[in-house]
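Protein chains in written order, with the numbering used here: chain A, 1 to 114; chain B, 1 to 114.
Check before you lean on any hint, since a few could be wrong.
Claimed, not checked - EDC-like, lysine to aspartate or glutamate: derived pairs with alpha carbons at most 20 Å apart:
(1) A:Lys-42 to B:Asp-38
(2) B:Lys-9 to B:Glu-107
(3) B:Lys-9 to B:Glu-72
(4) B:Lys-9 to A:Glu-39
(5) A:Lys-71 to A:Asp-84
(6) A:Lys-68 to A:Glu-39
(7) B:Lys-9 to B:Asp-38
(8) B:Lys-9 to B:Glu-30
(9) A:Lys-42 to B:Asp-56
Claimed, not checked - Derived CB-CB ranges, DEER-like:
(10) B:Asn-65 to A:Gly-41: 24 to 30 Å
(11) B:Ser-69 to A:Asn-53: 37 to 43 Å
(12) B:Trp-110 to A:Leu-95: 27 to 33 Å
(13) A:Ala-29 to B:Thr-20: 35 to 41 Å
(14) B:Glu-107 to A:Arg-51: 26 to 32 Å
(15) B:Gln-22 to A:Ser-12: 46 to 52 Å
(16) B:Glu-59 to A:Gln-60: 42 to 48 Å
Calculated from the structure, these hints are not laboratory results.
Note that this is a predicted model, so its numbers are computed, not measured.
From the three backbone atoms N, C-alpha and C, an ideal C-beta is built for every residue, glycine too.
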Amino acid sequence: GESVGLHLPTLSVQEGDNSIINCAYSNSASDYFIWYKQESGKGPQFIIDIRSNMDKRQGQRVTVLLNKTVKHLSLQIAATQPGDSAVYFCAENGLSGSARQLTFGSGTQLTVLP
Amino acid sequence: NAGVTQTPKFQVLKTGQSMTLQCAQDMNHEYMSWYRQDPGMGLRLIHYSVGAGITDQGEVPNGYNVSRSTTEDFPLRLLSAAPSQTSVYFCASSYDTRSGNTIYFGEGSWLTVV
Chain A
1 GESVGLHLPT
11 LSVQEGDNSI
21 INCAYSNSAS
31 DYFIWYKQES
41 GKGPQFIIDI
51 RSNMDKRQGQ
61 RVTVLLNKTV
71 KHLSLQIAAT
81 QPGDSAVYFC
91 AENGLSGSAR
101 QLTFGSGTQL
111 TVLP
Chain B
1 NAGVTQTPKF
11 QVLKTGQSMT
21 LQCAQDMNHE
31 YMSWYRQDPG
41 MGLRLIHYSV
51 GAGITDQGEV
61 PNGYNVSRST
71 TEDFPLRLLS
81 AAPSQTSVYF
91 CASSYDTRSG
101 NTIYFGEGSW
111 LTVV
């Protein structure tokens with residue numbers, strides 16, 4: 001079956017530095033990926049998404065890169081701020097049954113140091 | 001708009017007891033789903049519904065029942081609670097599962113089974 005996993009469970013960065021969170025996936029047919037941010041005690045929040053016909057997508061301070069050859073995607077956060085401290089999940093949004101379903105990775109805890 | 005509302009926020013159950021986690025959305029979304037999140041892991045899909053009167057199983061459905069009598073409500077029932085069901089439960093809704101930024105999560109329900 002398909003799985004989505006993360007390389008590192010924790011990441012600490014200095015405030016103002018850039019953060020890079022990595023994610024690997026196993027299903028070569030996966031065509032749509034989403035990054036979520038989850039703050040303590042809250043539900044996941046959409047950050048950015050990317051479809052398999054793209055290699056890169058940029059948002060406000062965030063960039064997602066997709067490398068289909070090695071089945072890897074990454075989330076880059078520019079000028080990391082204390083408010084960025086959270087758990088970040090990549091998820092594959094694939095067709096399963098009667099609707100697209102989210103398959104989540106295990107998450108990376110990002111801690112921003114002062 | 002309230003978005004996705006889950007109740008209760010916290011619950012402690014004894015093994016063998018039954019209970020219902022409530023989920024309601026006021027966005028007229030057709031798609032609703034339930035996930036569980038265990039420590040250090042991503043969310044796993046329990047059950048989902050693509051519209052009133054239609055439900056289907058996700059990745060981890062055993063021990064849970066759902067129904068969808070209205071578009072707004074999607075309750076999750078634990079038939080006979082077990083310690084293995086201690087987890088955080090998230091409800092989500094969407095009007096289009098093909099777009100990640102249309103998926104909204106509730107704040108979560110913390111369930112402990114003793």
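Quiz prompt | Structure-inconsistent hints, enumerated in ascending order | solution = Violated: hints 5, 6, 8, 9, 15 and 16.
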